[in-house]
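Generate coordinates for the entire structure from the input sequences, incorporating the hints supplied.
Protein chains: 2
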Amino acid sequence: MADSILQKKSVCVVTGPTRGLGRSIAYQLSKKLPDGSLFILLSKNKALLDEIAGLIITHRDEIRVVTSVFDQGSSDQGQFDNVFQDCLVKAGAHVNEFEQAILVNNAGTLELLELSRDLDNVNAVNVFFSTNITGCVVLTAKFLQVFSATAMKARVIINISSLAAVSPMKSWLLYCMAKSSRDMMMKVIGEEEDNIRTLNYAPGPLATDMSVIASTETKDPSLRAWFEDQVKNKTLVECDQSVEKLITVLEKNSFANGAHIDYYDEA
Amino acid sequence: MADSILQKKSVCVVTGPTRGLGRSIAYQLSKKLPDGSLFILLSKNKALLDEIAGLIITHRDEIRVVTSVFDQGSSDQGQFDNVFQDCLVKAGAHVNEFEQAILVNNAGTLELLELSRDLDNVNAVNVFFSTNITGCVVLTAKFLQVFSATAMKARVIINISSLAAVSPMKSWLLYCMAKSSRDMMMKVIGEEEDNIRTLNYAPGPLATDMSVIASTETKDPSLRAWFEDQVKNKTLVECDQSVEKLITVLEKNSFANGAHIDYYDEA
Numbered sequence: 001m002a003d004s005i006l007q008k009k010s011v012c013v014v015t016g017p018t019r020g021l022g023r024s025i026a027y028q029l030s031k032k033l034p035d036g037s038l039f040i041l042l043s044k045n046k047a048l049l050d051e052i053a054g055l056i057i058t059h060r061d062e063i064r065v066v067t068s069v070f071d072q073g074s075s076d077q078g079q080f081d082n083v084f085q086d087c088l089v090k091a092g093a094h095v096n097e098f099e100q101a102i103l104v105n106n107a108g109t110l111e112l113l114e115l116s117r118d119l120d121n122v123n124a125v126n127v128f129f130s131t132n133i134t135g136c137v138v139l140t141a142k143f144l145q146v147f148s149a150t151a152m153k154a155r156v157i158i159n160i161s162s163l164a165a166v167s168p169m170k171s172w173l174l175y176c177m178a179k180s181s182r183d184m185m186m187k188v189i190g191e192e193e194d195n196i197r198t199l200n201y202a203p204g205p206l207a208t209d210m211s212v213i214a215s216t217e218t219k220d221p222s223l224r225a226w227f228e229d230q231v232k233n234k235t236l237v238e239c240d241q242s243v244e245k246l247i248t249v250l251e252k253n254s255f256a257n258g259a260h261i262d263y264y265d266e267a
Numbered sequence: 001m002a003d004s005i006l007q008k009k010s011v012c013v014v015t016g017p018t019r020g021l022g023r024s025i026a027y028q029l030s031k032k033l034p035d036g037s038l039f040i041l042l043s044k045n046k047a048l049l050d051e052i053a054g055l056i057i058t059h060r061d062e063i064r065v066v067t068s069v070f071d072q073g074s075s076d077q078g079q080f081d082n083v084f085q086d087c088l089v090k091a092g093a094h095v096n097e098f099e100q101a102i103l104v105n106n107a108g109t110l111e112l113l114e115l116s117r118d119l120d121n122v123n124a125v126n127v128f129f130s131t132n133i134t135g136c137v138v139l140t141a142k143f144l145q146v147f148s149a150t151a152m153k154a155r156v157i158i159n160i161s162s163l164a165a166v167s168p169m170k171s172w173l174l175y176c177m178a179k180s181s182r183d184m185m186m187k188v189i190g191e192e193e194d195n196i197r198t199l200n201y202a203p204g205p206l207a208t209d210m211s212v213i214a215s216t217e218t219k220d221p222s223l224r225a226w227f228e229d230q231v232k233n234k235t236l237v238e239c240d241q242s243v244e245k246l247i248t249v250l251e252k253n254s255f256a257n258g259a260h261i262d263y264y265d266e267a
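From first to last, the protein sequence lines stand for chains D and C. When you line the first sequence up against the numbering used here, it's residues 1 to 267, in that order. When you line the second sequence up against the numbering used here, it's residues 1 to 267, in that order.
One thing to keep in mind: the hints can contain errors.
Identical copies carry no separate label here, and so any pair may be met within one copy or between two of them.
[Said to hold, decoys possible] In silico lysine to any residue, SDA-like type, Cα no more than 25 Å apart, as pairs:
#, residue 1, residue 2
1, K31, V66
2, K44, N123
3, K245, G78
4, K44, V127
5, K90, P34
6, K46, S74
7, K44, A124
8, K219, Q145
In case anyone wonders, no lab produced these hints; they're calculated from the structure.
Quick look at the structure:
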């Protein structure tokens, strides 16, 4: 059986680490990874970045954290080109001091929850895909360059997926398309790269701001009502609970590269 | 058993109908659909549009054809807003004279055949997804608006898919992502809309310009060599042969909405 992914001294990048699932992932992984590990936290919100960074350092002073204001939907090439090197410099760190590099592609948006026939605004659709797909592809490319197969003995990329990646959901076309294409991304990279593990983790329907959005903005009445009930009855999955399952999967480390593993799947 | 899709007097939209598979689809469907059917052909290339339109009319003078210069990767909202109405006006036609509306989402590009780690240019990746996903989503939305479930007894959307939609292919990340998300699109629309049939048809490895591109530009050596052999030995599938299979599927009309059917699947 493979070693746990969480036993290796790592540089661990998390996108969207300031709220909801991303925050829980950053915080809980920081409690699991060995001393000397470095977190690189990327988000648009500087104040919330400072908060989660402070929380991590308070609980684990053997862990380093650097943050960078980062907009995944930006078309600023320089932002993508420089983000990892800048963060390493800021941390006074070098790639070769780590046994492993981890990227958690968590950042994404849930919007334009219209029926497909109403998705007729070119600019709005372009903006959605730019944020949810293009930025994720380019950031991942840069991650693979900086933390290359020759520089690192081990790399791990975790895509935060969804049931929507594998199952069509009415009035969630763009979200379903983004998630299915990001699942495919983990499959392709899993075949292309050496020294890599890639995983699609679908965290279940979470008690986050996103579910509130889903319960109010989803155009399809039955899907909207389902989220309304879940929010009202507080039956959504807590982020920490879902991250526990993710941690179990990473510790077990027996998934096939590119696999789609759901919170509700057998451990 | 359901009636053949090709027995109904139709308005039939084909994107990318000037070359390769799209041309064969437009031409062969024009020979199958009933008198009075109207073809709306959309492409960037006016000269080639005129050529395929002329070919169709020469063989079937009971079929009407209108063409429109159309760039699926454009961000010009007016282009998308007006294309179908303009074409109907040009043809002197009205939606209610047709029993069925068909959209063949064939247009797409095969480019940036790099390993994922080299896909680091934000603008280039945005352009790819704009052409291959956004334009397809918005055009389809407009199709569903103009040829609505109340206006039309029957609608059909055929997405030209690929093995790459369901199977990862090294150095084809963007193509795999676009195709998997477009497959998902047919699943979602198939659930959202009334009076609709949606199909993903993977036409097999075709003897087209695209396979020449694949055989020269694919970065992965083994995939490139496979295409080189196919091109050299002329063992790729002819477009007309693949369209025959598609026609069989449409005539049989027994596929589940959103199904992914490959040229090599059992008929």
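How the hints compare with the structure:
no.	hint	result
1	K31 <-> V66	within (16 Å within a copy, 64 Å between copies)
2	K44 <-> N123	both (21 Å within a copy, 20 Å between copies)
3	K245 <-> G78	neither (36 Å within a copy, 48 Å between copies)
4	K44 <-> V127	both (16 Å within a copy, 24 Å between copies)
5	K90 <-> P34	within (20 Å within a copy, 69 Å between copies)
6	K46 <-> S74	within (16 Å within a copy, 35 Å between copies)
7	K44 <-> A124	both (19 Å within a copy, 23 Å between copies)
8	K219 <-> Q145	between (41 Å within a copy, 16 Å between copies)
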